[in-house]
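In order, the protein sequences belong to chains S and U. Using the working numbering, you'd call the opening residue of the first sequence number 1 and step up by one each time. Using the working numbering, you'd call the opening residue of the second sequence number 1 and step up by one each time.
Read the hints as simulated data drawn from the structure, not as lab findings. Even for Gly, the Cβ is constructed at its ideal location relative to N, Cα and C. Among these hints, one or two may not hold up.
Unchecked claim - Some chain U residues near chain S, calculated using beta-carbon distances under 7 angstroms:
hint: 1; residue: Y48
hint: 2; residue: N51
hint: 3; residue: P76
As the list claims (entries may be wrong) - Simulated pairs of lysine-lysine, BS3-like, Cα-Cα distance not exceeding 25 angstroms:
hint: 4; chain 1: U; residue 1: K54; chain 2: S; residue 2: K349
hint: 5; chain 1: U; residue 1: K47; chain 2: S; residue 2: K23
hint: 6; chain 1: S; residue 1: K165; chain 2: S; residue 2: K138
hint: 7; chain 1: U; residue 1: K72; chain 2: S; residue 2: K72
hint: 8; chain 1: U; residue 1: K72; chain 2: U; residue 2: K54
hint: 9; chain 1: U; residue 1: K92; chain 2: U; residue 2: K43
hint: 10; chain 1: S; residue 1: K23; chain 2: U; residue 2: K87
hint: 11; chain 1: U; residue 1: K47; chain 2: S; residue 2: K17
hint: 12; chain 1: U; residue 1: K92; chain 2: U; residue 2: K54
hint: 13; chain 1: S; residue 1: K23; chain 2: U; residue 2: K43
hint: 14; chain 1: S; residue 1: K48; chain 2: U; residue 2: K43
hint: 15; chain 1: S; residue 1: K48; chain 2: U; residue 2: K92
hint: 16; chain 1: S; residue 1: K263; chain 2: S; residue 2: K274
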Amino acid sequence: MDNILLKIKSYNIISVKTREPEKALNLINRNGIAIWDAVYDGNILQFKAVNSDVSRLNEVLSVFTTEAVVEKQLGAQRALRYIAGRKAFFSSLAVVVAAILFFASFIWKIEIYGARDVETSDILNALYDNGIRQSTKKSSIDTKEAEIVILESFSGIADAMCEIKGSVLLISIVERETPLVQFDKSIPVDLIAATDATVMEYEVYNGTPNAHVGKEVKEGDTLISGLVPYEYRNEKGYQKVHALGVALTYEQITMNTSITLYKPIVGAEHVAQKIYYLFSREFSATNGQIEEGSLFLLSEKQNVRLGWIELPILYDEYKWYTMDNCMHKGDDEIYGEIYNAALAQISPKQSVRSIAYHIDSLEGQNANITVLIDVATNIAIEKEI
Amino acid sequence: MGKLSEGAKEKLSERLSLPTSAIIGDPLIELTGSNQLRIENHKGIVKYAGNETKVNTSLGTLLVTGTSLVIKSMIPEEIVISGTIEKIEYLK
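Construct the complete structure from the given sequences, taking the supplied hints into account.
Structure, rendered in structure tokens:
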């Protein structure tokens, strides 16, 4: 007997009340009906037979006063009937399974590992701009392309590896070693010039001065030496120290930026527009008519919340204000925005000395501005002695 | 097969190098340990009880005694009896 086949075909446990089990068994056997697990307790013969043989069994056993009684039905058919009797439950289950399978085909989380100096939010922004965000269909994400996006967008990243695991996009990045090596303070070093420059500010905290304000230095020239001469009981020599100090040069950077000259009045009425990013598509919803020439404030990449649960669905929110509901920004406010834009342009080795700007043109509420940034750049880098 | 005499059947089985039982309808009895007995070419059940089962064969009635005897399966060609089988003997 093939148990699996029987379970698929479905079988019954049948009881026959008889004093002649042998006769019953032989009759069944002569009629070519297969049975199994036959047990006789002195009064009732119980056995198993496939579903399709039940009617024939009744015919065969009609010689006895009692007919075959189906005690229990087992196997796939019974299971199907069981399922049919619980339609609501199994339908819900099927819907849940289908939903899980459907949602499993999307990316719901992006995890970034290995970021040191590069901000993970910047990497996410670069990916978003290239259409890779939460709720993007997995099949539409080319991990190789994502790696290229990251490598091309960030000069400080030497390598990037993207991998999709389940519903998570794992990004592992390797940042380039900083070219300005920082040695431990116990290691003797010279401070040398990182580039050709004119020294405009110069201060020595430790070591021997080797430059001065106004001196033009070439790349690799020693600015502050880590060798400090000493004389002790007519004996002359040099003590090696970790040189410390500042050597700055001045330079000017020009940049262009655009800022809005107006801002909404606090508490002013506005039209809210939300753009949801779901399943690789964008869905927009507004609660009113957006008038031409309106000013907007944008809150990017917010997560949809369901009560206190943060869902992995992103949206951008625009708040549109008519010009009647806006006021001109103050000079300090405009300067502050330009200053922040300037800070984003310079490197960590630079500091802003002063900023000058002029408005080139006006486009609606926006002003195109040219900014002249005076920066001081530290040109000293450490070199082990 | 029914039209051939017993002698002819034996000769045929010799010529075809087939087991004689397969040709002439002798019962083929296979005992696995002491828990399962398989009887091919049976001719029906004569008695069925938990401690004693008699199976009709072409060589006579086969008496199977033991405890908790169950007909594990029964099809026209074979019967499988399971339980604790203590003795098998032909009643002639």
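Status of each hint after checking the structure:
{"no.": "1", "hint": "Y48", "result": "holds (5 angstroms)"}
{"no.": "2", "hint": "N51", "result": "violated (11 angstroms)"}
{"no.": "3", "hint": "P76", "result": "holds (6 angstroms)"}
{"no.": "4", "hint": "U:K54 - S:K349", "result": "violated (103 angstroms)"}
{"no.": "5", "hint": "U:K47 - S:K23", "result": "holds (9 angstroms)"}
{"no.": "6", "hint": "S:K165 - S:K138", "result": "holds (10 angstroms)"}
{"no.": "7", "hint": "U:K72 - S:K72", "result": "holds (18 angstroms)"}
{"no.": "8", "hint": "U:K72 - U:K54", "result": "holds (15 angstroms)"}
{"no.": "9", "hint": "U:K92 - U:K43", "result": "holds (15 angstroms)"}
{"no.": "10", "hint": "S:K23 - U:K87", "result": "holds (23 angstroms)"}
{"no.": "11", "hint": "U:K47 - S:K17", "result": "holds (16 angstroms)"}
{"no.": "12", "hint": "U:K92 - U:K54", "result": "holds (12 angstroms)"}
{"no.": "13", "hint": "S:K23 - U:K43", "result": "holds (12 angstroms)"}
{"no.": "14", "hint": "S:K48 - U:K43", "result": "holds (21 angstroms)"}
{"no.": "15", "hint": "S:K48 - U:K92", "result": "violated (32 angstroms)"}
{"no.": "16", "hint": "S:K263 - S:K274", "result": "holds (20 angstroms)"}
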